[in-house]
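**Q** This is what each chain is made of:
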Amino acid sequence: GNSVTQMEGPVTLSEEAFLTINCTYTATGYPSLFWYVQYPGEGLQLLLKATKADDKGSNKGFEATYRKETTSFHLEKGSVQVSDSAVYFCALSVGYKLSFGAGTTVTVRA
Amino acid sequence: DTAVSQTPKYLVTQMGNDKSIKCEQNLGHDTMYWYKQDSKKFLKIMFSYNNKELIINETVPNRFSPKSPDKAHLNLHINSLELGDSAVYFCASSPGTGIGEKLFFGSGTQLSVL
Numbered sequence: 001g002n003s004v005t006q007m008e009g010p011v012t013l014s015e016e017a018f019l020t021i022n023c024t025y026t027a028t029g030y031p032s033l034f035w036y037v038q039y040p041g042e043g044l045q046l047l048l049k050a051t052k053a054d055d056k057g058s059n060k061g062f063e064a065t066y067r068k069e070t071t072s073f074h075l076e077k078g079s080v081q082v083s084d085s086a087v088y089f090c091a092l093s094v095g096y097k098l099s100f101g102a103g104t105t106v107t108v109r110a
Numbered sequence: 111d112t113a114v115s116q117t118p119k120y121l122v123t124q125m126g127n128d129k130s131i132k133c134e135q136n137l138g139h140d141t142m143y144w145y146k147q148d149s150k151k152f153l154k155i156m157f158s159y160n161n162k163e164l165i166i167n168e169t170v171p172n173r174f175s176p177k178s179p180d181k182a183h184l185n186l187h188i189n190s191l192e193l194g195d196s197a198v199y200f201c202a203s204s205p206g207t208g209i210g211e212k213l214f215f216g217s218g219t220q221l222s223v224l
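These protein sequence lines map, in sequence, to chains A and B. Take the first sequence: its position 30, counting from 1, is numbered 30 in the numbering used here, and each next residue is one higher. If you want the numbering used here, it's the position in the second sequence, counting the first as 1, plus 110.
Any given hint could turn out to be false.
[To be verified] Here are the computed lysine-lysine pairs in the DSBU-like style, where the Cα-Cα straight-line distance is at most 30 Å:
{"no.": "1", "chain 1": "A", "residue 1": "K60", "chain 2": "B", "residue 2": "K212"}
{"no.": "2", "chain 1": "B", "residue 1": "K129", "chain 2": "A", "residue 2": "K68"}
{"no.": "3", "chain 1": "B", "residue 1": "K162", "chain 2": "B", "residue 2": "K212"}
{"no.": "4", "chain 1": "B", "residue 1": "K146", "chain 2": "A", "residue 2": "K60"}
{"no.": "5", "chain 1": "B", "residue 1": "K151", "chain 2": "B", "residue 2": "K129"}
The hints are simulated quantities; they were obtained by calculation from the structure and are not laboratory data.
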């Protein structure tokens with residue numbers, strides 16, 4: 001079946017630190033890959049996406065590259081801010097269904 | 111204007127009751143969804159409708175019944191509520207069938223069953 005595995009949290013960082021959240025996937029066919037972010041008390045928002053191998057998605061200083069050879073879509077940001085504190089979800093879409101990973105809680109301290 | 115709005119935001123009820131959560135989107139999207147998020151933040155899709163037709167129906171107890179009167183609305187009715195139904199329920203929509211598309215989420219309904 002189609003599934004996403006992402007690193008467990010919680011992750012706690014200091015401001016301006018480098019953030020990496022690992023995500024690997026298993027899929028039949030050619031999935032589209034996404035990162036969604038959920039700020040406290042809110043619904044999920046799309047952060048970035050990539051629809052084919054070697055595509056790089058980027059937004060708000062975050063980046064992720066679709067790596068077919070390693071079935072990965074790791075999220076990175078070079079210098080985090082307190083406002084980046086949220087839950088981050090890796091997700092894949094094959095056909096109609098969007099399947100989410102378990103979410104990684106990130107806390108950035110000033 | 112809120113793009114995907116769901117009501118109520120909080121719902122506290124007793125076991126055995128029947129309750130409904132309403133969802134409306136003003137984006138003109140064709141597809142709507144219900145997701146359940148448990149206390150560990152794990153998100154699981156429950157249902158999806160495309161132009162009022164059911165296209166995803168995951169393994170969900172038949173106490174849960176979605177209803178889509180038109181493509182802008184997808185309501186969730188839950189019969190005989192159980193403690194394990196306590197969760198945050200998110201409505202979402204997408205422009206087409208959702209294949210490779212961005213989903214737009216509502217802000218969630220926190221259901222607490224006592």
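**Q** Each hint: holds or not?
**A** Verification of the hints:
At roughly 17 Å between alpha-carbon atoms, A:K60 and B:K212 fall within 30 Å of each other, so this suggested pair holds. With a C-alpha separation of about 44 Å, the suggested pairing of B:K129 with A:K68 is violated against the 30 Å cut-off. Taking the CA atoms of B:K162 and B:K212, the gap is about 19 Å. The hint holds against a cut of 30 Å. Restraint check for B:K146 and A:K60: the C-alpha separation of about 27 Å stays at or below 30 Å, so the hint holds.
Our distance criterion of 30 Å between C-alpha atoms is met by B:K151 and B:K129, whose separation comes to about 23 Å.
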